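Line by line, the protein sequences give chains A and B.
Residue 1 is where the first sequence starts when you use this note's numbering, and the numbers rise one by one after that.
Residue 1 is where the second sequence starts when you use this note's numbering, and the numbers rise one by one after that.
Honestly, the hints are just simulated from the structure, not real lab data.
All values reported here derive from a predicted model rather than from experimental measurement.
One or more hints might be untrue.
If the Cβ cut is set under 10 Å, some of the chain B residues that face chain A in the computed set are [stated by the list, open to error]:
# : residue
1 : V116
2 : A118
3 : S121
4 : M122
5 : G124
6 : T148
Which chain B residues face chain A? A few, computed with CB under 10 Å, are given here [what the hints assert, rightly or not]:
#  : residue
7  : V46
8  : N49
9  : G114
10 : T128
11 : L139
12 : V151
13 : A206
14 : L210
If you want the footprint, here are the derived chain A segments under chain B, 3+ residues with CB under 8 Å [what the hints assert, rightly or not]:
#  : segment
15 : 82-88
16 : 103-112
Every residue, glycine too, gets a C-beta built ideally from N, C-alpha and C.
Next come the chains, spelled out residue by residue.
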Amino acid sequence: MITTTGLTKVYRSRGREVTALDGVDLHVREGEVYGVIGQSGAGKSSLIRCVNLLERPTSGTVTVAGQDLTALAGRGPRAGRELRQARSRIGMVFQHFNLLSSRTVRDNVELPLEILGVSGKERTRKALELLDLVGLADKAGSYPAQLSGGQKQRVGIARALAGDPKVLLSDEATSALDPETTRSILQLLRDLNRQLGLTVLLITHEMDVVKSICDSAALMEKGRIVESGTVSELLATPGSELAAALFPVSGEATGDDRTVVDVTFHGDAATQPVISQLSRTYNIDISILGAAMDTVGGKQVGRMRIELPGRYEDNVVPIGFLREQGLQIDIPGREQEPALLKEGAAK
Amino acid sequence: MQPLLEQACWDTFYMVGWSTLIAVVGGLPLGILLVLTDRGGLLQNVVANKVIGQIVNVARSLPFIILMVALMSFTRWITGTTIGREAAIVPLAIGAIPFFARLVETAVREVDHGLVEAVQSMGGNTWTVVRKVLVPESLPSLISSATTTIVALIGYSAMAGTVGAGGLGDIAIRYGYQRFETGLMWITVAILAVVISVIQFAGDYAARGLHRRGGRSGPGPKLRLLKAKEPDAQPVPAAGATTTDVSKVA
Numbered sequence: 001m002i003t004t005t006g007l008t009k010v011y012r013s014r015g016r017e018v019t020a021l022d023g024v025d026l027h028v029r030e031g032e033v034y035g036v037i038g039q040s041g042a043g044k045s046s047l048i049r050c051v052n053l054l055e056r057p058t059s060g061t062v063t064v065a066g067q068d069l070t071a072l073a074g075r076g077p078r079a080g081r082e083l084r085q086a087r088s089r090i091g092m093v094f095q096h097f098n099l100l101s102s103r104t105v106r107d108n109v110e111l112p113l114e115i116l117g118v119s120g121k122e123r124t125r126k127a128l129e130l131l132d133l134v135g136l137a138d139k140a141g142s143y144p145a146q147l148s149g150g151q152k153q154r155v156g157i158a159r160a161l162a163g164d165p166k167v168l169l170s171d172e173a174t175s176a177l178d179p180e181t182t183r184s185i186l187q188l189l190r191d192l193n194r195q196l197g198l199t200v201l202l203i204t205h206e207m208d209v210v211k212s213i214c215d216s217a218a219l220m221e222k223g224r225i226v227e228s229g230t231v232s233e234l235l236a237t238p239g240s241e242l243a244a245a246l247f248p249v250s251g252e253a254t255g256d257d258r259t260v261v262d263v264t265f266h267g268d269a270a271t272q273p274v275i276s277q278l279s280r281t282y283n284i285d286i287s288i289l290g291a292a293m294d295t296v297g298g299k300q301v302g303r304m305r306i307e308l309p310g311r312y313e314d315n316v317v318p319i320g321f322l323r324e325q326g327l328q329i330d331i332p333g334r335e336q337e338p339a340l341l342k343e344g345a346a347k
Numbered sequence: 001m002q003p004l005l006e007q008a009c010w011d012t013f014y015m016v017g018w019s020t021l022i023a024v025v026g027g028l029p030l031g032i033l034l035v036l037t038d039r040g041g042l043l044q045n046v047v048a049n050k051v052i053g054q055i056v057n058v059a060r061s062l063p064f065i066i067l068m069v070a071l072m073s074f075t076r077w078i079t080g081t082t083i084g085r086e087a088a089i090v091p092l093a094i095g096a097i098p099f100f101a102r103l104v105e106t107a108v109r110e111v112d113h114g115l116v117e118a119v120q121s122m123g124g125n126t127w128t129v130v131r132k133v134l135v136p137e138s139l140p141s142l143i144s145s146a147t148t149t150i151v152a153l154i155g156y157s158a159m160a161g162t163v164g165a166g167g168l169g170d171i172a173i174r175y176g177y178q179r180f181e182t183g184l185m186w187i188t189v190a191i192l193a194v195v196i197s198v199i200q201f202a203g204d205y206a207a208r209g210l211h212r213r214g215g216r217s218g219p220g221p222k223l224r225l226l227k228a229k230e231p232d233a234q235p236v237p238a239a240g241a242t243t244t245d246v247s248k249v250a
């Protein structure tokens, strides 16, 4: 739905050059919620602004819904008619809401429709319908200054949906909100994604946002995408920074003669109660040192750090059992299998 | 004496009224253009920005009395004369356009860039941004700017009065200065003070009313004062009022 290839953005000011985007290839599938996470200054903001060409990329292409927007751009800083039409089919919500303070909530939602040239009656009908969708039907006549942060963002979302977009861009939409409100706004985005089949590209610096609503995620550092993929693909990637940050596990072994095992759940295996199966099959006591589990799309996803009695050599069979179940097993502190075997052989 | 003052008042209002109108019509687009053509603006054009900025600066820094004299031939070309209230409108308006334009520039620059970005993301063009964002969002400041311009124009119009434009300035000079009729001069001073106060109050009231409606960052201290004075509920219902009246009568 959204594809960028070799996207580069260089800012020039007073002879100095700052590379905000350094060859970004992004691919967002239709109907998914895609999160780009990174620290401030990583280039997330430039990336999302390049998608609807609020920022003109220095090089590279952006394709949204099969349309090459960079080709529509034309010359000069101003946007031509075709690009403006394409933009009206991409909704955008902002960190600081960006509602017009001089207009009522309803008039704010009507604004994109005014730009599209929709007639007055139709605008009002659509605006009220959208306000109902985001749960603010009773606030239509209020001014933004009279609303709470979460309500303002709901208005922002309703406004972004006015042009019936297929794609919604979210620029740190929840970063100015408290945790409770953040959850409700994310829930709303998730619902809209499901109900309307909306493709959502969001940028954030909060891991929780990615964890709670994203199907796929990308990690940005210094203008590049360092890791990307679906959440379960990322989990399956050994040494994935993003997976480690999304599902952090910790805990030390409680004694020398004990083995610590990291179990990563992803895919179909995650539905099986493997830990209790393991315990019953081999009659061993398992302690859980730490776990970070979540239910993503009805499947259990996450990591668990468990401790088995006995050294690694004593636990080869139970560990083999876990592997057979299709789980990914890592032994913290023992990087590579061959090295382990040699060590064992030396003893 | 009274018809004299009355006529002078009307002359002043006439000059100030028309020149304010022209200043707003001319200064508003000029001020917006100054913002749009600036570096990073929607119509970025450094050369145009420098040229407009320079013209505005020069016109603004010229003392009004000099501007009036310098524009004499232009005034004659437009109105056919250099004397009278119509003739005074020309230099007054030309002096006020750059004055108002600078104030507009400051007001419009205050508008959050995020709002401009939001309208762009909806597919709005520059004209949409001006019409739907820049002007409505800066309206309270624009009204304050217009008030300031009107007050400045009243001052300028008095200067114009000294060279034959009529109005309150003319009275003060001819009767107060040249004939030592101090009483009459003080009356004009009092009238001017009242007029300016009323205009300032009306302007502030309108700007504040708009701001309260939309206030982005919440009400300022002045506004709170105003709110505190306002009763929350409507005054006593009509029925109650009638009963008290009746009891008083009784």
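Hints, verified against the model:
no.	hint	result
1	V116	holds (9 Å)
2	A118	holds (4 Å)
3	S121	holds (4 Å)
4	M122	holds (4 Å)
5	G124	holds (5 Å)
6	T148	violated (21 Å)
7	V46	violated (12 Å)
8	N49	violated (14 Å)
9	G114	holds (4 Å)
10	T128	holds (6 Å)
11	L139	holds (6 Å)
12	V151	violated (25 Å)
13	A206	violated (14 Å)
14	L210	holds (7 Å)
15	82-88	holds (count 5)
16	103-112	holds (count 3)
In summary, the structure is inconsistent with hints 6, 7, 8, 12, 13 from the numbered list given earlier, while agreeing with the others.
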